[in-house]
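**Student:** Residue strings, one per chain:
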Amino acid sequence: MLPIDHVIGLSAVLFTIGTVGALTRRNLIVMLMSIELMLNAANLAFVGFNRIWAANPEGSALDGQIFVLMVVTVAAAEIAIGLGMVIALVRNRDSMNVEDHSVLKW
Amino acid sequence: MTIEVVLFYALAALAVFGALAMLLFVREVVASAMGLAVTMVSLAGIYLLLEAHLIAALQIIVYAGAILVLFLFVIMLFDPNNDDFDRADPPQIAIKVAGIAAALMLGVAIAGVVSAGLPDAGELPEGFGGFRDIGLQLFTAYVIPVEAAGLLLLAAMVGAVVLAKQRID
Amino acid sequence: MVEDAVAEPLLRWIPLLPMLSAVLHAVLLGVLRRPLAPGAVVAISCGTPLLSLLCTGVAFSSLIALPGGGGFLLDPAYTWIGGGLGAAAFSADLSFQLDALSGVMALVVSVAGFAIHVYSAGYMRADARDDRGFQRFFCYLNFLLSAMLVLVLADNLLMMFLGWQGVALCSYLLIGFWYGEAENAYAGSKAFIANCVGDLGLLVGILLLFWSLSEAGAPTISFRGIEAAFADIAERTLRLPGAGGHEVLLVDVIGLCFLLGACGKSAQFPLHVWLPDAMVAPTPASALIHAATMVTAGVYLVCRLSFLFAAAPAASTVIAWVGGLTALFAAMIAISQRDIKQVLAYSTMSQLGFMFLAAGCGAYAAAMFHVVTHAFFMALLFLAAGAVSLVLHHEQDLFRMGALSKRLPKVRVMMLVGVFAIAGAPGLSGFFSRGEILVATFSSELTGHRVLYWMGVLTSLLTSFYAYRMYFLVFEGESHVEREVRARLQEPGNVLLGPLYAFAVLSVLGGYMGLSQFWGDMIGIDRSDSLGNFVRTVVVSGARDGLSAGTEWRFVATAVAAWALGAAGAWWLYVRNPAVVERVTGSLATLGHVLSNGLFIDVLYERVIVRPLVVLSDRVLYRGVELRLIDGLAVNGTARSIWLLAHRVLRLPHSGMTQGYLFLMLIGMLGILLYLVG
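Chains as they are written, first to last, in the working numbering: chain C, 598 to 703; chain V, 3 to 171; chain X, 136 to 813.
Simulated from the structure, these hints should not be mistaken for lab results.
Small disclaimer: the values here were computed from a predicted structure and weren't measured.
From the three backbone atoms N, C-alpha and C, an ideal C-beta is built for every residue, glycine too.
Take these hints with a grain of salt, some might be off.
[Claimed, not checked] One side of the interface only, derived from the structure: several residues of chain X facing chain V at Cβ under 7 Å:
id, residue
1, LEU801
2, LEU805
3, LEU808
4, VAL812
Isolated chain C (complex conformation) (with noise of 0.2 Å):
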């Protein structure tokens, strides 16, 4: 059997690191891919939950593992989305660094 804390910890580890990516590269594109990391430690940890409800003895549940499809949906729409983005950004700015594009202050 799997120790489900590790599990969350695991997911904790990679929101954690995924945080720091987007808070730091300049870079557009992996701004967006620390993202989708932050969403899968997201993902993991609701599987992981899910797992224990799984084998709960009054009545198994699949909630968890529904609410990750919904997140990849979300996580497929923002991807389409936020790279379109960066395309007409970069298109623009001739640029991907973020500090280049500092306007939302208008």
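We have chain C; now place chains V and X onto it with these hints.
**Tutor:** Frame of chain C; chains V and X shown alone:
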């Protein structure tokens, strides 16, 4: 220690390695993407160990397949060796602040997990996690979220087309 | 008293007809901006009061035809405010009632109103200072007549208040009719404000009355209802705050509140200040508002609520004294005035004082009698004065007239009739009605009724004096009129003279409507259906017991002596020895100055009330509260502090750097996480 547990730790190490590679390959974006691919595949393995067969399959198909390929497409579209890609290393102060915040978050999360005292994974009922079960759930109890997700995908598709076509001034 | 109301749907048309005409004019002038031709204006504006007068006449004759005393006609047109069930049911209706009191008053108002409309048709055409003025004037005049009729015919206090405010509005509009001159607009505002002070009292009185009746379990404001339930509150006392535990009768308080309202409307001291200034209105309006109808509304109010005042001894005493004092000092001021309309204004005040005196003494029927006769002779005087000043090109100064009797013989005769009537020449209306009041004063049981009686006699003397003074200065003596004007003088047209004839006849004969028992027996007229007895079916009976013939004769002798003395004095001073006037005026310069300035009451108000109020408004409320506190601190301060907050603090995180926002989001997530875990 069963073979399953050994496998889990091995896969976990691989996932962390992939993630760190993504984070630390500053000059090579393609290498970063490959690191992410490693993490995603190893996560698929962990899902299998957790008896989530459908999720494992989707992890490979959607993440390691579709999404990563999409990333690579975009990277290839522009010159990957352009100096502008990652012109400068992140400033030291930003790394420190982000590191502290992230470490804090990690500490809190792990402390939360430890203090919660999660039970071990028990015995699974017969035939758990089959595609059939999930499909039934999806199209009965979760039919409205499924429809909403479909709508979201449609909107994202339209949006991506519009964004990629137009030149924003 | 027989409580039988007879439905009479005709009543609503009495005020409605002039109102329709006023609305028509208002729409044509104000909305469509298409003035009618003067002929059409006259046809509509004089036609509707005539129809209204006919309606009043028909209704009045059917009132008289009712069997027994105390019957009345009722026209419940519409339930305005209504609610409640059973004993607590309350309703304020738009309903009109015609009983003896409101019938007499409505008849006077419609007769005087119609005549003055006709007179205006002639006067205003000769005096139109701008084209639209003509129709505008008739719009106001129709509206005034309508509001006055609402006031008179109202069957409850709320509706009466409606009419009361309506006439105040019209009076404001008519006084400021030639608003091009700032003085006129100022006079209009003054009248309105003085009336508002009184209206506050009236409103408080109405609310107090309604409150006490509600507490007694009979929430009503209709006059009949109040009278029926009045016994429940008649004995009630109030403990006034600050009166040291002294208890006063509730009805006294209510009565004093109503008195304040009546003082404002009827120009009694201390709210009389607006009436002299109101003389800047066109003369027909002055006649209608300030002589015949509007100013008598206060007296009408007191008579209408006579049952209340009869139970309020303190309030009645105050009324009598206010009336007596106003009568005396207004007559004194009238003597010193140079302006013919000012003389008449103060004379009106003085006569109204007599009415209040009568009402205070409990002789409500006598007060109403004087209202009627006063309406006739004062309208006559005003219209005659207007005719004189019109032919003299708006000359109103008495000392620039004189020797007009040959040039204006018809106007002279009319004026003379009016002067004789007001001065109390035996046999004319003023003699009978004022005699009634003086007798009632003498035989009442008020505090100081003897003093009041002799004040009244003195006032009669002064009245006679200033009336004849006015006549002599205008028509006799030497002429002070400019030569060119004098050469082209001619009598005004028949449109102007017709109403004068009508009022002259009424002034002569009006007195015989309300003869006292003494005079009835003397002349041989059956007085069982006299005005006094008729009105007494509604108001509280102030019927005096028959005095002995000797006493009556003494009253008559005193009154005749006062009249003769005043007339002779005026003749001696202004015709026989005009030089004496100048000497007397010279030696009594200070007194003359004080009198001609209306006892400086205006100046007193200006110093004591207006100026501190202006200073308070300007220094404290405007500069302090408005500019500093509200504008400065509350409005600009709020805006500035938010701007500062945004500029100094909230701006910082908005760097535009995506990862900065991400970092802030992380901080937030961390906070939530800590909250959930901790």
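**Student:** Was the hint right that LEU805 (chain X) lines chain V, CB cutoff 7 Å?
**Tutor:** 6 Å, holds
**Student:** Would the stated hint for VAL812 (chain X) survive a check requiring a Cβ distance to chain V of less than 7 Å?
**Tutor:** 4 Å, holds
**Student:** Does LEU801 (chain X) hold up as a contact with chain V if the rule is Cβ-Cβ below 7 Å?
**Tutor:** 6 Å, holds
**Student:** Using 7 Å as the Cβ threshold, decide whether LEU808 (chain X) counts as touching chain V.
**Tutor:** The hint holds - LEU808 (chain X) has a Cβ within 7 Å of chain V, the shortest such distance being about 6 Å.
In this structure, every one of the numbered hints holds.
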